[in-house]
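Listed below are the residues making up each chain.
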Amino acid sequence: MAAVIQEGGEAGQPAFLHIAQLVQEFGAADGHAFRAVDQISLDIAQGEIFALLGPSGCGKTTLLRMLGGFDQPTSGEISLGGRSMLGLAPYERPINMMFQSYALFPHLSVWENIAFGLQREGLPKAQVAARVEAMLKLVQLGKFAQRKPHQLSGGQQQRVALARSLAKQPQLLLLDEPLGALDKKLREETQIELVNIIEQVGVTCVMVTHDQEEAMAMATRIGIMRDGRIQQVGTPREIYESPRSRFVADFIGNVNLMDGTLAVDEPDHVEIQCADVRHFVGHGITGHEGMAVSVALRPEKIRISRRPPPTDDPELAPAPLNQVKGTVKNMVYLGSDTVYHLALPSGALLQVSQSNTERHPDDALTWDDEAYAWWTPSAHVVLTQ
Amino acid sequence: MTRRGLSWGARSVVGLPLGWLLLFFLLPFLIVLKISVSEMEIVTFKDLVTWTDGVLHLQLKFSNYLFITQDELYAKAYLASLKYAAITTAWCLLIGYPFAYFMARARAALQPALLMMVMLPFWTSFLLRVYAWKGLLGEGGWVARALDALHVDQLLLALGLISGPGQYMNTPFSLVLGMVYTYLPFMVLPLYANLSKMDPRLLEAAYDLGATPWVAFWRVTVPLSKAGIVAGAMLVFIPCVGEYVIPELLGGPSTLMIGRVLWDEFFANNDWPMASSVAVVMILLILVPLALFNRAQAEAQAKQGARG
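Residue numbers (our numbering), protein chains in the order written: chain A, 4 to 388; chain B, 3 to 310.
Hints are supplied without guarantee of correctness; some may be wrong.
Distance windows between CB atoms, simulated [what the hints assert, rightly or not]:
1) B:Q113 <-> A:K188: 50 to 56 Å
2) A:E95 <-> B:A229: 28 to 34 Å
3) B:Q113 <-> A:S358: 52 to 58 Å
4) B:Q156 <-> A:P97: 38 to 44 Å
5) A:Q388 <-> B:A115: 31 to 37 Å
If you are wondering where the hints come from, they were derived from the structure by calculation, not from laboratory data.
A virtual CB, placed ideally from N, CA and C, is assigned to each residue, including glycine.
The following block holds chain B by itself, in its conformation from the complex:
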C-alpha cells in the first residue's frame, strides 16, 4: 500500500462501528438534548425555530436546567448516585483485586476454570439474579439468617446501613451488596487481563533489591496494574451512576438515585423535557471528569515523551 492513510478494509472496519455510534448514540443524544430545551404543548413539542411575520424565533427553554439547580431533590439524587457508584467501585476493587491477583498466579491449568467461574453469572438473566437477592436478604432468607447468626446486623445497624435489626432489604446495605455482586466481574476481568501479563521476574527483581513481598506489591504490582484498575473502575462506576434496576429492586426510600428520578419524570410525570434535562446533566456529570482524566493522562504521557 503506497497510499497514505487507511486501506478500504481498515476504513470499513473502523467506519462501521463509528457509523453505528453516530446513528444510535450521538443522534439520540442530540434528540434528548433538543427535547430538554423544548416547550411541551399537551402531547407534542413546540418547534425550536419558528418563522412568523418575517421574524425568525429561536426558543430555547432552560427552565428545566434551572429547576434542577433549585430543587434540592435533584442534587441529592445526583450525589447519592455518585456516592453509591463510588462505594460500589471501591468494594469491587477491594474484593476484585486480590481475586484477580491470585487468579493470575494460579496454576496455568486452573486459570480457565477460574475465569469461567467469574463469567458464569452472565449465563443467567441479570434481572433474575438481582431479584434472587430479595429472597436471600428478605425475612427468613438464608443469607439474612446467616448474617443474624453472626450478629453482623448489629454492626450494620450501628453504621446506619440497615433500617432495623434483621431488616436488610431496601437499605443502603442491600443496594450496595446488589451492585457489588452484579458489577464485580467487570472489575475482575480487566484486572486479570492486566495482572496475568505482568512479568513475574519484576517481583523477583524487587525481592532481590530488598523489598519484602508487601513492599514489592505496593511498589511494583500496583503501579504496573494501574491501567487495569482504571479500566475496571470505569466499567463499574459509569453504569452504576445511572443504575435503575438494582436500586429499584434492592434499594429503599433512603437510597434515591438519579435513575429512579429519571424514570419518574418520564413515566409518572410524563414531563419529557424535564426528564431529558436530568439525563443530559447525568451524562455531563460522567463525561466531564472522564475527559479531564483522559487529558491529564495524555499530558503526562506527552511530558514523558518530551523529557526523553
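So here's chain A without its partners, still in its complex pose:
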C-alpha cells in the first residue's frame, strides 16, 4: 500500500491528489450564503482508496462533484499529478466517475456502454474492441455484452458501471455511493470484489458513502465530514479506535458516551468521575484536574456477567474503578452477538455487546437480571472536544 500522507502533506513531496482550501458556496447572490464545502484541504496518495464518510448534507457529494468537474468551486485548488484541474470541464479531466445508481445509457448495450468513452477518444475500432473485451473479462460480464442495462440484475449493472468508468484508464476514479443500490448480502460480496478490481487496476480512488461499514471495508483511509468540514482523517482503525471528537465517536459504530470531570491527573494514568462510575484510564492526557471531559467506551470492549469481576486480574483496574452494577433492561440477539442494555443507578443505559461463542450457554443473562459490567484501563477514549 502507498505511504499514507497525513493531512497537509509531507513537505517537499506533493501529493498525487491535492485539495487545498476548497470552498463551495451556494446562494451568495441573495445574501444567504451557505457553504456546502468549507475550507477543505486533503492530500491523497497514488493508489489510495479514500472514503468520504458523513451524514447526508455534509458536503461529501459536492466535494466529489467538484473533483469530477460537474461543479466549480467558489475558491480553492484541486490538482492531480501536479496539474491544476480548475477550469477544466468533466470531459477534459483524466478522471472518471461511477455514478450513484450507475447512470448507464439505457439505449446502449453493455458493450456500447463500456465503449462509449473509448470511442470519444477517437481510438481505432480494433483497439476499442480489445479494450472493451478486456474490461468485460475484468468484471466477468463477457456473456452479457449484447444485453441492455435493464436486462441485467443490480449487481451486474454495478459491474458494467465500474467497467465503463475504468475503460479509459483514468488517473482518478470517483465512486458515488458505489454499493448504495444493492441489498445487504450482495453489498458485502461486492465490497471485496470491487476493492480487488480497483487494486488490480491500481487506480487512485475517492469514494463517497454514508455507509460506515462500506467505508471501513473498502477504504485505506477515511475522512469523516460534517457541515462541509472534515472532522478527522485516518485509517479505519484509527477512526474507530481513536476518534478525536464526540461526533466522530458517535457517528462511527456504537458507543457509550459518558460526561465527567477529570478527578486525578497523573502522567501515567488519569481518573474520571462520571455519574455512575469512576473511570481509570491507563495513560495520561493533556488537561487539568476539574476539567470537563467525555469518555467514549465501545460496547464490545465491556465484559458483562452475573458474577462480579475477578479481583486478582492484574489487567483490570483496582475495584471499584471501571465497573458498574445494573439491571438488564433490554437484550438484542443479533446472531453473532448479543447487545445488552444495562440500566445504571442514575438511569443511564450502558450498551454492552458480547460475542455468542457458545450455542447454549448455561447461565445466560436475561431481562431484569442484575449484572456486573467491567472494562480494562485501555478500553476507553477520553474526548476533550
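Chain A is already provided as a structure; the job is to place chain B on it using the hints.
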C-alpha cells in the same frame, strides 16, 4: 381477482372507447369504402348485391380507383400533400425540439408558465388564428412589412416559395408557415413530456466519459428522445396530409393538396363514389407506412428480447 383476464371495470373502461371507435370510425369508414365502389343513380347508389332471376349479382365499380391512377391531378395532389406534410413536420421538429429541450431544462418554477404558453393558442379558435395570418401576411400586414424590411422576400423569391416581391399570401411559404404555426404545439408537447423525464445524470455520465456537450446531445439525448420524436412527428404529419382549412385559407394555386380535391369531388362535382375513393386512398397512404413502421419497431424489440 382469481379469474384470468380483465375485471368488469377494466373491460368497460377498455370497451367503451373501443365501441366508440367501432361505431364512429370503423363503421363510417366501411360506408365510405362501400360508396367508393358503388354506381351512382342520379341521387342514390345502386345496391352492390342484387338478386334477379335466380342470379346473385355482386357489382363492384373500381373505375374510380383506376381513374385516380390515370388522371395525374390526383397523383400530384397526393404527392403535394405528403410533401407539405413532411416539410411541416421537419420544421416543427427543427423549431420544437430546441424549444422542448430548453423548456425541460428551465427552472422548475418556470416550467408550468412555459407549458401554459405552448397551450395558450388552443384557447382561441383555430379558424380565427389561421385567418389572422391572412391579415399579417397580406399586403400592408406587419409581418409582411417586417419580412420586406429584412429582405427575406428576395431569398424566398429566389427559392421559388413566393409568387413575387412582397407577395407572401397564397404561396407555399404562407401555407407551410400556417401549418407549422398550427401544429407546433403537437410536436412540442410529446417532446417535452419525453425530455423532462430524462435523467440529467446520463448527460453528466457522457461528459465524464469525454463527450463534449454537442456529442452528448447527439449520442445520448436524441436517441433517448426517439419515442417523443416519433410521437410528435405522427401527431403533426398525419393531420397535415389531410389538411383542408389551412391550404384553403393560406395556400394558393400552386399548393393543391388532396383535402381540396376531396372537397371538390364531394361538393362541386357531387361525385360521392369518386370522393370516397380519394378518401380511401388517402387513408391507405397514411396507414400503410404507419403499420410498416410499427411492425419494424415491434420486430426490433422482439429481437432485442430474444438476444437477451
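Against the structure, the hints come out as follows:
no. : hint                          : in the structure
1   : B:Q113 <-> A:K188: 50 to 56 Å : violated, 41 Å
2   : A:E95 <-> B:A229: 28 to 34 Å  : holds, 32 Å
3   : B:Q113 <-> A:S358: 52 to 58 Å : holds, 57 Å
4   : B:Q156 <-> A:P97: 38 to 44 Å  : violated, 52 Å
5   : A:Q388 <-> B:A115: 31 to 37 Å : violated, 51 Å
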